[in-house]
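Protein chains: 2
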Amino acid sequence: MIYDAPVKDMMFLVDEWLGMDKINAVPGHEDLDSDVLQFILEEAGKFCSNELLPINREGDEHGVIFDNGVVRTPPGFKEAYDALVAGGWTGIDADPEYGGQGLPKLVQYLIDEMLGACNLAFKLYAELSHAAYHLLANSASEELRKRFIPKMVAGTWSGTMCLSEPHCGSDLSLIKSRAKLNDDGTYQVTGAKIFVTSGDHDLTENIIHLVLARIAGAPAGTRGISLFAVPKILLNDDGSLGAENRVVTASIEHKMGIRGSATCALNFDQATGYLIGEENRGLSTMFRMMNMERITIGIQGLGLAEIAYQNARHYALERTQGKAPAPRPDDRKESDPIIFHPEVQRMLLSIRSQVEGARAMAVFACHHVDLMGKSADEGVRNHAADTVALFTPIIKSFLSDLGVSSTQIAQQVFGGHGYVREHGMEQLFRDSRITTIYEGTNEIQALDLVSRKLTGRVGECADRLFQSWETLFEEHRDSIDSVEPAETALIRLRDATEWIRKKLEADEGLALGAAKNYQRLFSLTAVACFWVDIVVSIREKSGTFYATKRKTARFYMQHVLPETEALHKVITTGSDSLADFSVEDFSH
Amino acid sequence: MIYDAPVKDMMFLVDEWLGMDKINAVPGHEDLDSDVLQFILEEAGKFCSNELLPINREGDEHGVIFDNGVVRTPPGFKEAYDALVAGGWTGIDADPEYGGQGLPKLVQYLIDEMLGACNLAFKLYAELSHAAYHLLANSASEELRKRFIPKMVAGTWSGTMCLSEPHCGSDLSLIKSRAKLNDDGTYQVTGAKIFVTSGDHDLTENIIHLVLARIAGAPAGTRGISLFAVPKILLNDDGSLGAENRVVTASIEHKMGIRGSATCALNFDQATGYLIGEENRGLSTMFRMMNMERITIGIQGLGLAEIAYQNARHYALERTQGKAPAPRPDDRKESDPIIFHPEVQRMLLSIRSQVEGARAMAVFACHHVDLMGKSADEGVRNHAADTVALFTPIIKSFLSDLGVSSTQIAQQVFGGHGYVREHGMEQLFRDSRITTIYEGTNEIQALDLVSRKLTGRVGECADRLFQSWETLFEEHRDSIDSVEPAETALIRLRDATEWIRKKLEADEGLALGAAKNYQRLFSLTAVACFWVDIVVSIREKSGTFYATKRKTARFYMQHVLPETEALHKVITTGSDSLADFSVEDFSH
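Top to bottom, those sequences are chains A and X.
Letter by letter, the first sequence follows residues 2 to 589 of our numbering.
Letter by letter, the second sequence follows residues 2 to 589 of our numbering.
Some hints could be false.
For chains that are exact copies, the list does not tell them apart, and a pair is met inside one copy or across any two.
[Claimed, not checked] Mimicking DSS-like on lysine-lysine, the simulated pairs with C-alpha atoms at most 30 Å apart in a straight line are: (1) K47 - K23; (2) K147 - K324; (3) K47 - K181; (4) K147 - K79; (5) K79 - K542.
Hints in this document: simulated from the structure, not taken from any laboratory.
Throw the hints in and build the complete structure from the sequences for me.
Dropping the structure here:
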């Protein structure tokens, strides 16, 4: 399996399309220049290709071992983790105050793409720590921040999110885990948590679990849930490691993919925990972290689509089979490389045109994460927060769906050789498959988009975005041929948006039944608009790279975007046939 | 995991929609009545649910073991295979002359759906024998038929197809295996074959390999390939088992799914083989068998979609999570079964509406397989053969794609619980994934449809079929509301067909680049037409079953069929952006 980090495309998007001036306008990132950024990305790419990709298949074959209550990661994971720590890759966007490198989150996300591409199972050990770091940095008391964060940024400790319980995953209002205040201000946390990513492992000295539980007497539902930091190993007063806390790994899951990642069931039995933030406000704190994590998960899908594309392209250039249609490259040969078959080119381009467009959308959204957190201007921060709120379910669902569809198409290019484990293509699919499920299934993302992001402040933000695209189209309609299809798609999206808004008021169930189709219509249209913006930005440029960008944009418009026509129709005319069915109809 | 064989729907399609009179009009099947058919299907369903489903997950977890040159099937497979043999399930449609039951192939296909649903890995051991039986019965000399066939029909011997070699799969013109005539009229067969399903195992006393190889001096390419029967164990003159033949199992593949099925690499080293049919005509003989097998593989996908649907529906009725939109079933409860969420209903119906429509299409095509082989009227036989030729790539690709998409949707309904192996949902996907690849990838099917099935006699057959649907629409336009969308789709299909036919003459590459999209447009439209035909056939019927059929048809028209609009557009307007790309563009 090969991987060549797409640094060129990333640099094009950040340096040329977005512009380094936009990055430098964010306080704290004034000095980042494009040479340094390129160096960082190239080094990250090398680390991923050289250290993580080679242990990816062995990690899948070997899996995580659970033996006598101890979790052991696959061969090579510990060495790779130590190299990750030594390279400073655990603190890319972390605050220098805690030992981080203070780089933009955008840079973190770009590197996340590479990590996810080369070894998703491995990446998750660092990823959840990173998410936990942000939560603690934003919401924990100063004392907790000082005790926990520097070790997490350094990577010597890691973190988890403990949300799901056997009877609840998507619906956290049903959480039963409970907490009781001790005399010293700490809590006793008790409950059974499942699906805890990196819940136990042998890579770090300690693990800080972030656990949702109810304090005795708390209200029912989502408003009675608090958040606790529960270390695997308790700390002595001087910060050194003390006794084991009362957290037991009950089992690990045997999964379809990411088999090198330890997904644990943890039992907390009067474990000592520290309240984070206010009582009963834990869910909203956790959701801020989950939202950032949702973007990262979309990026994972993007990375897997990219590596799948690279390997399918490589195979298609090498593997000869059948004669291509005329004019054949060499008529004397028995067979041609399969890339000469138009169907194979179509398959490859369907991945590529979506990956490059989706990466632009991700760069846009991730830059707004930086603006949201750090801009000096409150108006900019608010607008950025709304933009991020709008794009979070889009990035999570569209990019992870793209990972799943792309790894499948790439596997198909390999034919029977894609079905055997040897080439690694089937693993890419199995690993990518989790991304459409965890941190809220893509259907949950679609419901979030439809029921919470189309009205109020975020809804207004969507309208402004639509208007900005219309302005763009207006300006370039005569010179850029991608404008026409994108404009048509945008008209459909606006119409479907109005349909959803009306139904939300009149008959919510109908709007919710259209959620996933609407999410896809929004995503495909948005990517088309970003493609137009890219083509506009390079309209004066010549050379192969830019010519290929223009061709790829055109392919997207002709081959991918037409689905929006069908989606619009299903959304606006399909609700009555769905409403025809009652639950009873499913019993026969 | 649950499975309730869809006997009711099968009986509806065969007995009511197609009509037993059509079955009875085929020579040899005059006496089959609907009570007997229903009894057979129910017994087959019980066998699959009770004997095969319970060993499906263990077969996946344990896999096939290759130890010291010996292949061992998973626990329970031998016992289940003995029960399959004892029940007479290996000779359903085989000729009574050889000990078969002489039932229609249509019945075989219906039972194939159940077998594929409950344990695809297991099914393959009998399936390839069954295909080999048909090939030998049609093409082998009387002597070979007498020696081999009765044991294969009884199931005490099995069969394989040995086609692929390391350097060739889709393109069999590149085959290198060779054969040399012995003095006694037998041949010495030498070569390396890969991807041999059931190439070795411990279920039967002997295995008859059907091997493609070149006789010394044969022409290059596809016209120099002959077909040989090569037994694993040689026969003595009295037909008893003698010495081992020179066939060695080199290895077994480690695969994404169907892990209980032995996919072998076999080395033939001057193995004794018997020529089947004429020299150098082996490929066309093998292709007749492969075409029947392609239909079976589509049916496998259909079965997997059905069992995925049943389990997702079951889970959705049981699992409570979140509050459904108003009116909620019971406002006092904390959460509702997830089937009350419109999005979940939509997911389930997208499977169901395609499965039921696709099953009708399969029944139609499989009935034509019977007509093609047995009708007393030559005109009927020829028309049936053309119909089967047209529908073979459609059934193979659309139904296997449906298996893949449906198992994925059903897995998604389970959320995180679908990703862990425990519930078996992820196995359904992994198993189904091979069906879009083996016996010619679905892209190869699409190329077959576009380049060989739209012109000449089969092309005329397609036009007649389109006309028959138009006549149906004409008659019922005013009374059946599904006519309008189906008619619109058919207009698009006819237009795209003309586009393809023109491009085939003018610029073949453009037609081939539209192949997969065209295959899907054809399939979705055909299913819509079959749905209309069903709705017409039950227009006077009342009761829940028929009412649900009508609602399901309507859902299909509103939610599934609109994709044809996008496909038509991509086919007819997308060829230039694909043609923009040259192979060089893929090197950067």
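How the hints compare with the structure:
1. Taking CA atoms no more than 30 Å apart as the test, K47 paired with K23 passes inside one copy only; the shortest distance there is 27 Å, against 66 Å between copies.
2. Neither within a single protomer nor between protomers do K147 and K324 lie at most 30 Å apart by alpha-carbon distance, with minima of 66 Å and 40 Å respectively.
3. In this homomeric assembly, K47 and K181 never come within 30 Å of each other (Cα to Cα): the closest approach is 48 Å inside a single copy and 53 Å across copies.
4. For the homomeric pair K147 and K79, the shortest alpha-carbon distance inside one copy (26 Å) is at most 30 Å, but the shortest distance between copies (63 Å) is not.
5. In the homo-oligomer, the alpha carbons of K79 and K542 never lie at most 30 Å apart, since the shortest distance is 46 Å inside one protomer and 67 Å across protomers.
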